[in-house]
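Turn these sequences into a full structure, and let the hints guide you.
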Amino acid sequence: MKILVPVKRVVDYNVKVRVKADGTGVDLANVKMSMNPFDEIAIEEAVRLREAGIAKEVIAVSCGVAACQETLRTAMAIGADRSILVESDVDLQPLAVAKLIKAVAAKEQPQIVIFGKQAIDDDANQTGQMFAALMGWPQATFASKVVVSGDTASVTREIDGGAETLEFKLPMVITTDLRLNEPRYATLPNIMKAKKKQLDVLKPADLGVDVTPRLTTLKVSEPPKRGAGIKVADVKDLVAKLKNEAKVI
Amino acid sequence: MAELLNDRDLKFLLYEFLDTAGLSSRARYGEQSRDVFDAVLDTACAIAQEHFAAHNAEGDANEPEFDGTVVHMIAQTKTAWDAFAQAGFLAAHWDIEEGGLQLPEVVLRAAMAFFCSANAATTGYPFLTIGAANLLRAFGTPQQKKLYLAPMGDGRYAGTMALTEPGQGSALGDIKTYAVAQEDDGSGSGSYRIFGQKMFISGGDQNLTENIVHMVLARVKGDPQGVKGISLFIVPKRLPNPDGSPGERNDVALAGLLHKMGWRNTTSTVLSFGEKQGAVGYLLGKRGSGLGHMFQMMNEARIGVGLFGACIAYRAYLLSLEYARERAQGRLPSCKDPLSPQVKLIQHADIRRLLLAQKSIAEGALALCLFASSLVEDQHSHPDSACRTQAGHLLEFLTPIVKSWCGKQGCLSNDMAIQVLGGSGYTRDYPLEQLYRDQRLNPIHEGAEGIHGLDLLGRKVVMLDGACYRAFRASIAATLAEAAPYAALQPLQAVLERSVAKLDEITAGLIELQKNDPDRGLANATIYLDAAGRIVASWIWLKQAVIASACLVKNPGSDEAFYAGKIQAARYYIEWELPGASVSFDLLAQNNAIPLDMRDEWF
Ligand SMILES: Cc1cc2nc3c(=O)[nH]c(=O)nc-3n(C[C@H](O)[C@H](O)[C@H](O)COP(=O)(O)OP(=O)(O)OC[C@H]3O[C@@H](n4cnc5c(N)ncnc54)[C@H](O)[C@@H]3O)c2cc1C
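Sequence order for the protein chains is D and S.
In this text, residue positions in the first sequence follow the working numbering: the first is 39, and each later residue adds one.
In this text, residue positions in the second sequence follow the working numbering: the first is 2, and each later residue adds one.
Where hints are given, some of them may not hold.
Unchecked claim - With a cut-off of at most 20 Å between alpha-carbon atoms, the simulated DMTMM-like pairs for lysine to aspartate or glutamate come out as follows:
hint, chain 1, residue 1, chain 2, residue 2
1, D, 54, S, 32
2, D, 231, S, 32
3, D, 233, S, 36
4, D, 231, S, 560
5, D, 263, S, 560
6, D, 70, S, 51
7, S, 12, D, 160
8, S, 12, D, 196
9, D, 231, S, 323
10, D, 145, D, 119
11, D, 234, S, 32
12, D, 70, S, 36
13, D, 54, S, 323
14, D, 235, S, 560
15, D, 140, D, 50
16, D, 231, S, 498
17, D, 58, S, 51
18, D, 257, D, 160
Derived from the structure by calculation, the hints contain no laboratory data.
See the structure below:
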């Protein structure tokens, strides 16, 4: 069985992003970039499935600028067997990425595609779902536990009230939540080995996918500053304030 | 959590200021390239953030304790050690045949920079282990390497350097620890019994590893007094079994822990060797060459201490920068409207001065340390033998400066970081006060500042007939020539050129004076060191400014803010800090003897 894992290159989670003065976006000049943390979890899960003898091959795929090759090398240092870059300088939106992954999946024929539940840069939380819809596959989003046996998988999902466990038939989509696993580091010996692993580069045109953006960003601004807190007398007071002042209930 | 280092700056230093990517053209590094180096740095950064930075304050608040039998330390220390070891950092730079990856020295040190910034105290353990293992690699017999190297590379054993004694610190020639040769037990390993006390030994005991390999300086009984009688010994805490597993306890006892101002999570130990029958030790390298051998580790450790100085300053700089960008306070002198919004601290000229001074020290020190590491690299792997020699000479001259300038200026920089935060900087709610305490060690260990002044002026400038000094002068001259085409750098070039000429004159005078009157000639060595440090730092800044200027000419508009920041920091350092050297030069030129002539009874 093959597992495909899409990985995204994003601003490192330790970076404090700053909104550009002209409101066109956030300032990405000179900031550290790394693999989206949810995607690291996805790679880790796929590698564990291979180590357990369930999967035969783990393929990492990234869509974006040439520098995404670094992210793919990291994925291979964590344990992916090979990787594919769909290279494009266009601002790729979730639907475009979902279509590109669909085209890659058509070639590779994976049984499971594991996405991160969202990317920490735009927090869209859409790509996995859109891909599942395009493929007509079942989707297990926000996974915190995955058990694969034969052609089914039992996935525990994080939901508002706690967790639920569902059975799925392969092929399927999984999107990872934080609790799924703790990804290993790319160790130095594995970084050296990853250099020798295969990395293929394709263009969206090779896959016949139109990646033109469908959404336009009007303006990006800082979230409003949080005001000082206040002390409430009791629960009744709290509920009243939430109702009348904050107007959230 | 704030970043540990500015990633853009680190990449600038490695790939623009230094040609680290070019190392892959050397046979030793043929398999490697920039993407490998970057991936190594990413792993270093991630582990440093998650497993080192996260417990820096906790390790400071809960220093290790000795209950009479074992040492207790916070559990995160062991997790951090394991993560560091398992990622492969302890052996990364070793040869393939030794079980390493042949990672270049400069990349290893750049990776270490993340750990130094995240948590100096916990980083002390791997730092010393890497150094001790390097001694074994250089001087160990095949059998010694077989027993100790593999477990020091995978993190089962840690290493220490045990030089200092209760009675001897700076003057190691007078150490009292001694060794008695044993009747040959037939193994041919030449064992000794070691007796004596060592003090301040970092990592001398801990609960991280199953064994500790002490690198101990001692005098074989009957060998001459002074430096020539000192030998180096391997003294394990537990005697390894032939299969490498740790066996019975050696006669090395922890007499106690010292309680320190900073670096609290590094155990500082007093060790007793030979309270019973004598600690079993094995001669490492040549008998009587112990200090020389140890100097190999110490030279490397000195650059390492410089790096700690650089990174502790760097972290405080980044934290104070972040604070100054967020805290609103007051208005500019020109604004009289009380209803107008307050400005951010960074809008105040005086705060920008404090930040710029820190930038010039922190980034300058990191540049200097990585430059020194690249010289270590060139000394060993440069394909051209003349370049290898030249790198070695330059490194000899720079080492005392790398060690001292980074720590000394680092203290000033950490002081300014606190100032930027005002009252908050003085509280324990922010990490600045801890960083300030941690930084204070760097001008003391690995040779106190005064000792490096003596090393520079008493040894390095005359060493090899002045070859080391000449190597330094040639390097500065090259940078001065490179700066000439850039109009904005010409004033800086002119000031630095004059200062270097002055340094030549002062140096020649002091060398002469030392010949007739060494006490007078070396009396002011520390201010000579300070002045030389300012010149070296100015040179390192001018070098960075030349590269920044070239990039701005080549790709106007690209990365402009970053490069403009580099040029401004170079201007700041050379216009504001280099002049401090002139004050020292005046005193040195007069052979001013006020401190020398001051008498004990006048105090
Ligand atoms: C936290 C910490 C960790 C340490 N870790 C280790 C370790 O792992 N292993 C180890 O072996 N040691 C270690 N040391 C010891 C350290 O290297 C010594 O403290 C240092 O070398 C200075 O020696 P000393 O303390 O005996 O001071 P002294 O030698 O007594 O010096 C005191 C002062 O006198 C000055 N001075 C001394 N001699 C001269 C001279 N000839 N001319 C002019 N000035 C002079 C010095 O510059 C210094 O300012 C550590 C120390 C500390 C504080």
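Holds or violated: residue 54 of chain D to residue 323 of chain S, with C-alpha atoms at most 20 Å apart: 9 Å, holds
Worksheet item: Taking only the CA atoms, is the gap from residue 235 of chain D to residue 560 of chain S under or equal to 20 Å?
Response: 33 Å, violated
- Query: Is the Cα-Cα distance between residue 12 of chain S and residue 160 of chain D 20 Å or less?
  - Reply: The hint is violated at about 26 Å.
| said: Between the alpha carbons of residue 263 of chain D and residue 560 of chain S, is the straight-line distance 20 Å or under? | reply: With a Cα-Cα distance of about 30 Å, the restraint between residue 263 of chain D and residue 560 of chain S is violated, given a limit of 20 Å.
When you check the alpha-carbon spacing of residue 12 of chain S and residue 196 of chain D, does it fall within 20 Å?
-> At roughly 39 Å apart (the allowed maximum being 20 Å), residue 196 of chain D and residue 12 of chain S break the hint.
Does residue 231 of chain D pair with residue 560 of chain S here, judged by a C-alpha cut-off of 20 Å?
-> 33 Å, violated
Exercise. Take the C-alpha atoms of residue 58 of chain D and residue 51 of chain S, compute the straight-line distance between them, and say whether it is at most 20 Å.
Key: Between residue 58 of chain D and residue 51 of chain S the Cα gap is close to 29 Å, so the pair fails against 20 Å, i.e. violated.
If you draw a straight line from the CA of residue 231 of chain D to the CA of residue 323 of chain S, is it 20 Å or shorter? 38 Å, violated
Mind checking the alpha carbons of residue 54 of chain D and residue 32 of chain S for me, to see if they're no more than 20 Å apart? 35 Å, violated
Exercise for review: Would you check the hint for residue 231 of chain D and residue 498 of chain S, treating anything up to 20 Å between C-alpha atoms as holding?
Suggested key: Since the Cα atoms of residue 231 of chain D and residue 498 of chain S sit roughly 48 Å apart, the hinted pair is violated (cutoff 20 Å).
| task | Verify the proposed pairing of residue 231 of chain D with residue 32 of chain S, using a straight-line Cα cut of 20 Å. | result | 10 Å, holds
Notebook entry, point to check: Does the alpha-carbon distance linking residue 70 of chain D and residue 51 of chain S stay inside the 20 Å limit?
Noted result: 16 Å, holds
Violation of the numbered hints given earlier is confined to hints 1, 4, 5, 7, 8, 9, 14, 15, 16, 17; the remaining hints are satisfied by the structure.
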